[in-house]
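Protein sequences, first through last, are from chains A and B. For what it's worth, the numbering used here labels the leading residue of the first sequence as 1, then goes sequentially. For what it's worth, the numbering used here labels the leading residue of the second sequence as 314, then goes sequentially.
Bear in mind the hints are in silico, worked out from the structure with no lab data behind them. Every residue, glycine too, gets a C-beta built ideally from N, C-alpha and C. One thing to keep in mind: the hints can contain errors.
Claimed, not checked - Dumping the calculated BS3-like pairs for lysine-lysine here, alpha-carbon to alpha-carbon at most 27 Å:
#	chain 1	residue 1	chain 2	residue 2
1	A	Lys94	A	Lys126
2	B	Lys492	A	Lys126
3	A	Lys126	B	Lys496
4	A	Lys126	B	Lys493
5	B	Lys496	A	Lys210
6	A	Lys133	B	Lys496
7	B	Lys607	A	Lys133
8	A	Lys94	B	Lys496
9	B	Lys492	A	Lys94
10	A	Lys133	A	Lys94
11	B	Lys493	A	Lys133
12	B	Lys607	A	Lys94
To be verified - From the structure, some residues in chain A lie toward chain B, with a derived Cβ separation under 8 Å:
#	residue
13	Glu52
14	Leu95
15	Phe107
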Amino acid sequence: MPVLAIRCAGLTKRYADVVAVAGLDLTVNGRECFGLLGPNGAGKTTTIEILEGLTAPDRGEVEILGMRWSGGANTRALRERLGIQLQDTQLADKLTVEETVRLFRSFYRAAHSVEEVLGLVGLEEKRGAWVGKLSGGQKQRLAVACALVSRPELLFLDEPTTGLDPQSRRQLWDVIGRFRAAGGTVLLTTHYMEEAERLCDRVAIMDHGKVIALGTPRSLIASLGAEHVVEFALADGATRAPSPAELSALPGVRAVRPGLDRTALTVAEVHRAVPALLGLLERRGAELSLLATHHATLEDVFVSLTGRQLRDA
Amino acid sequence: MRDHPLVQLTLARMREFYREPEAIFWVFGFPIVLAFALGIAFRNRGPGELRVAVLRGAGDSAMATALARAPGLTAAVLDSGEARLQLRTGRVALLVLPGDPLVYRYDSTRTESRLARLEADAALQRARGRADPARVADQRVTEPGSRYIDFLIPGLLGMNLMGSGLWGVGFSVVQARTKKLLKRFMATPMRRSHYLLSFILSRLVFLFVEVAALVGFGWWVFHVGVRGSFAAVAFITVLGALSFAGLGMLVASRARTIEAVSGLMNLVMLPMWILSGTFFSYARFPDAMLPFVKALPLTALNDALRAVMIDGSRLTALGAPLGIVTAWGLVSFVLALQIFRWR
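Only chain B is shown next, with the shape it has when bound in the complex (with noise of 0.2 Å):
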């Protein structure tokens, strides 16, 4: 068993891999990385203070004082050239000008500022006297899959499986080219579809690794969940896997460089990267572009896993994109086979 050629491939598959720091970092340190960056930096913390500035004028510090009162609102009373600098580079959100009529001089292009008009208007007219026809309380709510992060796990994980498998397939198979190894192994009774097998074997090896390290990761610093089932997600994911160690193989089937795989690599990748939704919703494109996007297999994979992650989804109820991932790597694998260079 151990002495079976496809056990000794993908012995060597994993071993050349898991020798080199730097596809380790690559593959599993990457994505943790991005993913508690990102994390960080979009948690929901909503619009935080707003600063608004009063000038310096009759009745400014107790306009100022009604003002800081509001919450939400910090209040400063300042004199016109600085309040105009202020207001104008968005250190300020809002300048009032005391008088009659109150004066509110903002940027109604900017959110912060249309809302910090609301509301100081509110705190000015509450401290004039104006009383609320009716009564309010607010409730608050931060509901898990709701979050930026929530969207972003599954977007890394599929954006992961597609760099790992294409990169993990297509670098070492034109190394082996590169090295003459490939024209080496033909010299042997080695059986071509063992040396392919070997290759998606290992990756399914190190699939199990990225997969549990990322959604691991999200559940312990973020406590995203999977509201589907783990199985569901463990399908997609070996599903995506074959078809970009698939599409890998295609990119790398021809190419006798490193620098012509990659080239070819990042031609793949790129538009994925940009387009198929991992890091903001492709729902930002025009309509027109729609089709094309979904027809990427790195899109089809994404909403895939988010079905499953943040709606919790039936495997059954995700037919088209499935289907979509499927022939990617269905039909890059067959093509692959046919002009493959094997010396």
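Bound-form chain A, shown alone (with noise of 0.2 Å):
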């Protein structure tokens, strides 16, 4: 394994007007876990299918693994090391689970043994089973065990956990937490950030093709200069909520984000900024319909970021 497993530089994609990918450069550690962050639409699955040589770049170069998509055997060589998830493949529905990755299983020369691979995804169970009549955890799950048959060396997820249920996205998040254990590498897309902070080493949020922001979870969020988020919403509305001038005049609030149904408050410290809050909205006599706080989250980095919400952006 060397010590870089991607390395990509000024990667561009432009379709028809639309440029997907405006000038990448990323580097992704071997036996790291790399997360791409993102809204719908941001470039995330361009970026992957690019480096996982489905997709030509318009500009730039990629290196996976040490080599380069450079077309026929040199190819087929490193696709035997790399296990892909797309984000949309429906797999055949009248074949059984077995018979899916004994298919897959064929395409590789060291590969794991059908029982071993459906092991790791806990489908077991389910081995006889068509795929049309699995659940959508299931499915994603016999995806993922599709791309780990190779027993590859870098594992690419394009928003694995899309869709699932909660039960569902913590059992995959095992099956990824197993994958890394045994010292694999992965890459993976996805926009819900609980799973880039509990999955990922280290993630780059992308937005309109390019990489906003770069670094570990924590570093990022480190990066609000605070902890902590409180929201609050008022139950007469906007008549006599207090002003971001005054809000973030308040000890320890280092942000004010207005929004639509609640005001957001990043501060560093919780104790201090809200018995001011209460203190100051008394005075000024409204009333609270809502008061919440959380530790700030990749979610909030990226609001901060982009002014936006990741779900509606």
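Two independent chains are provided; combine them into the complex using the hints.
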């Protein structure tokens, strides 16, 4: 395993009148779990498919495990070492789980046995079931099984948990965790910040085809200059609401983000900011309809960088 | 061996096919149902009984008795209004008006009516005492090989090879493309040639079942035999199946949706259903069209199958049609490889 699993520089990809990727540089180290984060349309899928050798970039260079997508035997040799799960693949409904894994297994020289890989993703009991009869979470684990069957050094996952219920999501996280524990490298895309914080060593936040922030989840959150977010909403709407200037003058408040139905404050010290906020609201005669605090997340980082929420960006 | 990608891809193709009951019916059941229905409907049974009528008048019943005695005729005495109505609607083929002269009223453009006139005239003349100068005897033949069903079975076989080749390959390729399965395969070290070959191989496996079912049915129910060698039939069907698999690949090489590929398939197949002599001889089309009709792959395939099954020809005599079938397959396949959309 080389030190660098992925290196790309100056990637650009344009579709008709849309620039999907606008000059992207990335490096992913061996044994690292790297996350590409961003809203839909940020260019995550285009980026990962360029790295996977499925889409040719207009410009820029890509090196995967020290090799390039140069076609022919070289490309096939590189594919032997990768595991890939695509966002929108529908596996054949009328094949069983076992038949599907066996089919994908046949494409690789070195591969896990069917039993091993079904064990890795916890689908042993479904081996005789038709793919069409599986739940969404089981289908997704099967897709990951087809990616893992090659004993890959590097695993690409494109939104592996989108649309899954929390339990299925956690099961997939466990699968990824076990792959990493065995020494594998992972590049994944997601728009769930919780997923990125939980799984990734480093994340790149993407917007409009560019990386707008890069680092460990912890360092990105720390870059907000505050560890907590306080959100509040008022019962009688805007009439008695304090102005942003008043709010940012409160002790411990680093930033104020007025929103549609609530206002969010980024604060360093909750124990000082909250009593001050309550005092301010009481003086103005405003009544709270909501007050919540949480640790700052990557979601807050995205909002502070772009001024937009991830989900509706 | 079992874990060779070509084996696994072919197995996947076959499983997806035989786990689809509708596909099984259209490929195996439908041609047999069609052969059965058409074989029954167009069985050789001659023109059947012809009904003639005698208008009520002098000597009508004696005339009716004489007519009814003639083989193949039935006769009835009718009043004027009823007789005209039945003649107009074709329920009687001929109306005899007693008198001198005897009048035959009938539609001379109808084969049945002209036949009825000949038969009725002979019966009535003999009843009046005509003696035939020459003695005659009838010998009737119904030779296998000359019946409609003998013509039909090779045609249905050809049509079936076309349908299953085009649908079997084209539909699955486009489905794999729309479901992004093709793209997923491209993300593995799978060889493209293995993917395409797996379609050909699975087609060959099902081909044997297809051909055996239809030829076996024709032989069992209608005694349709194979006058030439079975090896020649096998060779021609394999060649036909490969050729139409190539054409299916070409039709599916760019299409992104099932609707698009369905339209293309029908565009390719419809002219051949009508022109290629599956249900009736293409010799009925004007001479100017024949060179075009004969250049179609299904025409060539049907001609070759009929030559072997009905006339007992050898393969060496079939250079032209087999050349046409091969050329269509080769050109389609090579072209398909050039323009195939792999994602």
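We went through each hint and held it up to the structure:
| no. | hint | in the structure |
| --- | --- | --- |
| 1 | Lys94(A) to Lys126(A) | holds (14 Å) |
| 2 | Lys492(B) to Lys126(A) | holds (22 Å) |
| 3 | Lys126(A) to Lys496(B) | holds (25 Å) |
| 4 | Lys126(A) to Lys493(B) | holds (23 Å) |
| 5 | Lys496(B) to Lys210(A) | holds (25 Å) |
| 6 | Lys133(A) to Lys496(B) | holds (23 Å) |
| 7 | Lys607(B) to Lys133(A) | violated (48 Å) |
| 8 | Lys94(A) to Lys496(B) | holds (19 Å) |
| 9 | Lys492(B) to Lys94(A) | holds (13 Å) |
| 10 | Lys133(A) to Lys94(A) | holds (9 Å) |
| 11 | Lys493(B) to Lys133(A) | holds (19 Å) |
| 12 | Lys607(B) to Lys94(A) | violated (40 Å) |
| 13 | Glu52 | holds (6 Å) |
| 14 | Leu95 | holds (6 Å) |
| 15 | Phe107 | holds (4 Å) |
When the structure is compared with the earlier hints, violations turn up for hints 7, 12 and for no others.
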